[in-house]
Amino acid sequence: MGTHQPLPSFLPVDNPTQPFWRTEPHPLDELRSTEALPGQSDIVIIGAGYSGVSIAYHLLKHLDGHNKPHPAITILEARQICSGATGRNDTNSTQVSGIKGAKACLSYTSGTLWPYKLILGLLSKVADSPAVNVQAFTPVTSVVSDSSGHIIHTPRGSVRTSKVVYASNAYTSGLLPEYSASIVPCRGICCHIGIPEGKTAPFLPYSYGIGTKTGESGGSYLISRPDGSIIVGGAQCTFIDRKDQWYAVIDDSTLIEPTKDYYNDFMQRTFKGWEDSGAYVKEIWTGSECFQAGGYPLG
Numbered sequence: 001m002g003t004h005q006p007l008p009s010f011l012p013v014d015n016p017t018q019p020f021w022r023t024e025p026h027p028l029d030e031l032r033s034t035e036a037l038p039g040q041s042d043i044v045i046i047g048a049g050y051s052g053v054s055i056a057y058h059l060l061k062h063l064d065g066h067n068k069p070h071p072a073i074t075i076l077e078a079r080q081i082c083s084g085a086t087g088r089n090d091t092n093s094t095q096v097s098g099i100k101g102a103k104a105c106l107s108y109t110s111g112t113l114w115p116y117k118l119i120l121g122l123l124s125k126v127a128d129s130p131a132v133n134v135q136a137f138t139p140v141t142s143v144v145s146d147s148s149g150h151i152i153h154t155p156r157g158s159v160r161t162s163k164v165v166y167a168s169n170a171y172t173s174g175l176l177p178e179y180s181a182s183i184v185p186c187r188g189i190c191c192h193i194g195i196p197e198g199k200t201a202p203f204l205p206y207s208y209g210i211g212t213k214t215g216e217s218g219g220s221y222l223i224s225r226p227d228g229s230i231i232v233g234g235a236q237c238t239f240i241d242r243k244d245q246w247y248a249v250i251d252d253s254t255l256i257e258p259t260k261d262y263y264n265d266f267m268q269r270t271f272k273g274w275e276d277s278g279a280y281v282k283e284i285w286t287g288s289e290c291f292q293a294g295g296y297p298l299g
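Heads up, the sequence shown is in UniProt numbering, so the first residue is 1 and it goes up one at a time.
Just so you know, nobody snuck in bad clues.
Simulated restraints on C-beta separations:
no., residue 1, residue 2, range
1, Gly-198, Val-13, 32 to 40 Å
2, His-62, Asp-261, 43 to 51 Å
3, Lys-199, Gly-149, 53 to 61 Å
4, Glu-257, Gly-65, 49 to 57 Å
5, Ser-253, Val-143, 19 to 27 Å
6, Asp-241, Gln-40, 45 to 53 Å
7, Arg-160, Lys-282, 42 to 50 Å
8, Gln-268, Val-13, 31 to 39 Å
9, Lys-199, Pro-25, 27 to 35 Å
10, Gly-65, Asp-261, 47 to 55 Å
11, Ser-182, Arg-156, 25 to 33 Å
Keep in mind that the hints were calculated from the coordinates and are not lab data. Each residue gets a CB set at the ideal place from its N, CA and C atoms; glycine is no exception.
With the hints as constraints, model all of the structure from the sequences given.
What follows is the structure in structure tokens.
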């Protein structure tokens, strides 16, 4: 009898924390276009988040616009569709006042969205194309290249291709170890704050980027949702000295210990008018993004 080989440690864990964005699963969340993997594909995209899905969408859209044939595209995702950084992030935010003790503020045009719904919406536009084969729960364990192309290995079989797109964000250096010093996974934390039933959330008209009282980096970023609830994350100032909690960490199954309780009364102590709101953390989760050595995110 054969023995089951353990999966590489650089792969996404199979029991991640649950982000608010994934509380309403899409019908394509666990999509497998075919029962078996295709043995051959013109293009293999590793990762079904913002980068991976949007590449497939825009490639087909571009080819359609020029009346060109579609290449065979296979998208491989280790977990469910959009279950990595795209389904865990907050969004870019806008700084504006209303914050207790604010010393300065600036404002600019910004926007918010539901990232999971955006990506699944894009996927739904190409999933029925005979050129696209999507395989959820199919982690890539290695890529072997030779003179004729590349072989993508997974626990479910292998796919040969001439082109590989690494849309794997924090997990990239696991497949491309030559980039381990220049592309580094960094774990962050985010949460969804709600108001008790029967109470009305004080109106917050903007998105926010909130610095620290001491002026150090690592504050919070915040968006308000149409129902009055809040998505807020960041707080790197509370764990930046604990590198074991965030630096080169891809485990999103646990919370960041120094920060797990930080947002419990965040709205009450930060915003005017929220003191008696009863605001509380409904969901809290972690996720890993990919950063260059200079500290800038990739994506």
